[in-house]
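Asker: Here is what each chain is made of, one letter per residue.
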Amino acid sequence: MDEKEIGIYENVLEFISLGLSHILKRIPDTSKSKVEEIRLRYGAPLNIYISNSDYFVTEEGRLTTEASQGRIVGKKDIMETFQLISNYSVYAFEEEMKNGFITLKGGHRVGLGGKVLYGVNGIETIKDISSLNIRIAREKRGVSEKLIKFITDGPNKVYNTLIVSPPQCGKTTMLRDLIRILSNGDRLFSLRGMKVGVIDERFELAGVYNGMPQFDIGMRTDVLAGCNKRDGTIMLIRAMSPDVIAMDEIGSIHDVEAIHEAIKAGIRILATIHGDDLDDLISKRSLKILLEEKVFKRYIFLDNSKGVGTVKDIIDGNTFKSIYK
Amino acid sequence: MPLVKLFGSILIIISTSLIGFYYGDKYSDRLSNLIYLEQCFKILETEIVYGANPLPEALTNVYKKGNKKVSFVFKEISDHLKANKNGDLFQSFHSVVGILRNSLNLKDEDIELFLSLGRVLGSSDRKDQEKNFNFVFKQISVLQREAKIEKDKNEKLYKNLGILSGITILIILL
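From first to last, the protein sequence lines stand for chains W and R. In terms of this note's numbering, the first sequence opens at residue 1 and continues consecutively. In terms of this note's numbering, the second sequence opens at residue 1 and continues consecutively.
Mixed in with the good hints there might be a few duds.
Covered stretches of chain R, as calculated for chain W (at least 3 residues, CB under 8 Å) [as the list claims (entries may be wrong)]:
#1 116-127
#2 158-167
Chain W is nowhere near these chain R residues, computed Cβ spacing over 12 Å in every case [as the list claims (entries may be wrong)]:
#3 ILE35
#4 LEU59
#5 TYR63
#6 PHE72
#7 SER92
#8 PHE135
#9 PHE137
#10 GLU155
#11 ILE171
In short, the hints are calculated from the structure, not lab data. These numbers were taken from a predicted model, which means no experiment stands behind them. Every residue, glycine too, gets a C-beta built ideally from N, C-alpha and C.
With the rest of the complex left out, here is chain R (with noise of 0.2 Å):
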């Protein structure tokens, strides 16, 4: 009996620490995340900026060069955007938001972000893109320390909360 009881326990901590990890994790997902983003976001500047590749195949680019984790996104927008021959750019950038909400753990004013370019990108010549780039840039670093402080203070709760959920259920059970 007593190794039944124990086997229970172990069992009940587990399973609540693996909760609190899965939701301490989504917070330092969205800042590596978001890490990465910014990087691919620079390769897509160098692009077009410098190499002034033509968008799919600049898109294609990124996917290649840029941290696969989150670079496959620029790789659906390109063949989407091949694919859909009727919409513009921005419908193209809209239709990875599921991907971004889901996948990538990006919140709201991230995936408003992503999206900004979406309607800006390919629109305007070389120096005006650079600029356009420029303000990205400067907005995903304040994301990017937003999401750092956020994950700084919810990432040890939700990991501790879990630990902790699991020993007090036990407490009151026994």
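Extracted from the complex, chain W is given alone in its bound form (with noise of 0.2 Å):
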């Protein structure tokens, strides 16, 4: 297992400019397989997130703490990252930089920071690029198996669900376990497999690269990559005939809209939004009308107090009291 996620790790590396990728190749196996962002910065030493703290490496590819000591990145190691990131084509990723991101083969994102210019219509793209974090994805396969006697009912019923977290804590990672699981159906769960549409409007979910889906998303599921949630549901509802709809971070109003038009037509709804707890998310007004029409059945709440995907608790949407022991 750890093999594997080294070489995850090492693949991403490919993407990185040799005098980085060489250090980068340096640190400590167990780290590298726990390694969750690569920071470049202009100016700045580099830096590396493994398991949710920040270290900086040395020309040696020691981990530090000491910012002094980690290595300065140039721009000439962000111009050279940037552009095996976009292999030397900026204009083959033209609509996923107005987002802000670039998606590597591997599902891995690439965000970006720069100088953002605008035309008529919105953002136009970002230049001078002087930021860039590459988040490696992971594919934490069965990490949902515990989830799934809570949100179904019945071999070809799930609850409409909602799965709550802060950043970072694996909520794409469980819904995406979750649809893998949904579409293939699972004798143990006594499960039938479902027809699942994913909206996969920031190519997190699915990691298309190439129209080919990086994660293993099931059998029975069909991607929309790039599209927004509302044109999505309803492009799904028209021609794709969905049991089940998942999409990633809701939280505007015309994600409620989406939501909405999936429900009428009798299609369950499985969605992930940033936040900590009940309260914070009727706080968010898009989802207060959600809660009060009692729309999700299921609330699952995940922090990394114990490891990231932790699930703290999960809310049943018809009561407001916790099923989880």
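Two chains, each in its own frame: build the complex with the hints.
Answerer: Put into structure tokens, the structure is as follows:
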């Protein structure tokens, strides 16, 4: 298992300029398997995040918390890395860059910082790239198995479910794994496979690269990548007749409309949202509507108190009482 | 004896003519290569502006679709790009300068235009890439016109010069 994780890390290094990837290759194997983010900022020391704490990397590939010992990232490092990430072809990632990131082979996402240029139709592109945030996507098969019995009722019925967690607590990973299990079906839980439509607005869920999902999202899953949730929901309802629609990071009023549309068509919803607890959700205007209408039957709260993806609580959407012991 | 003389004369005329043709052909070669190069650029433009294919792939496609006499250059660039991770695209373009000059008989100004594309390729959005291509197309048609004039002027000249100098040598020797 660990070796696979190290392999993922080393694949990501392929996209980093030689000067830096040599250094990053030298960090200890035990850390390699846990790296979550690699951050390159012009003029700042090379920074990586391992299990939610941050370290600087020295010229020799040692991890330190002393910023002064970290290898300083230069303009050249950023430019070379950016060229490798964009495959020398900025034009091929035009649409993605407007959203501020590029998806790599393997489903990893690279966030971009720099000068944003506006055109007639909103953001046109980002130039003078000054920082890169390489988020290593790790597929955790089976993390959601313990949740299945809480969110299903019978072999082909799943409750409308909302996964709530702060950033970096594994909600996308959890949702992806739920999609896989629901789509494939599972004998153990006597689940029949369902048709799942995935609206992958930010290319994170399926990690589509060159049209091919980079993660296992099940065999009855259709993906609309890069599509916004409202359009995506309507398209899926019309064309794909899904049993379940999954979407990541809802929040805007349009997303709420999308959910209403889907529910009218008798489709179940799996979604995630940023947040800490129920009060936090109530404070979000658009979410308040969904809470009051009792659209979601299950709320799953995650945190990282016992590592990424710890299930803190599961709340029944009708009674607002915890059902997780 | 006269047979040897005849044989020698023919040999001299053939060799000087060949030299003349060799120099003359350089001019027509440059023109035809510039035309093929323009075709390759057009394919590359389509790959980028309409296909939005990443460069290594786009360059390989140019090799496949274009006239192999010139398009092999794009394969060389693509291979160089894939192998040389530390450099940028311009370096990969620069790596084929020798081929352009020696095998394709291109002149410095043709090579400069070729390299200028290497400086801007892939570094901006599709709209901007299209503009750059339009600029290159304008420039290359100027170069083609110039190559045509030079070809008309010099190709015949060198070929005739070759044959005539052979005859001159013969007259002096005989």
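Asker: Give a verdict on every hint.
Answerer: So, going through the hints one by one against the coordinates:
no.: 1; hint: 116-127; result: holds (count 6)
no.: 2; hint: 158-167; result: violated (count 0)
no.: 3; hint: ILE35; result: 26 Å, holds
no.: 4; hint: LEU59; result: 9 Å, violated
no.: 5; hint: TYR63; result: 16 Å, holds
no.: 6; hint: PHE72; result: 20 Å, holds
no.: 7; hint: SER92; result: 9 Å, violated
no.: 8; hint: PHE135; result: 16 Å, holds
no.: 9; hint: PHE137; result: 18 Å, holds
no.: 10; hint: GLU155; result: 39 Å, holds
no.: 11; hint: ILE171; result: 61 Å, holds
Checked against the numbered hints listed earlier, the structure breaks hints 2, 4 and 7; every other hint is satisfied.
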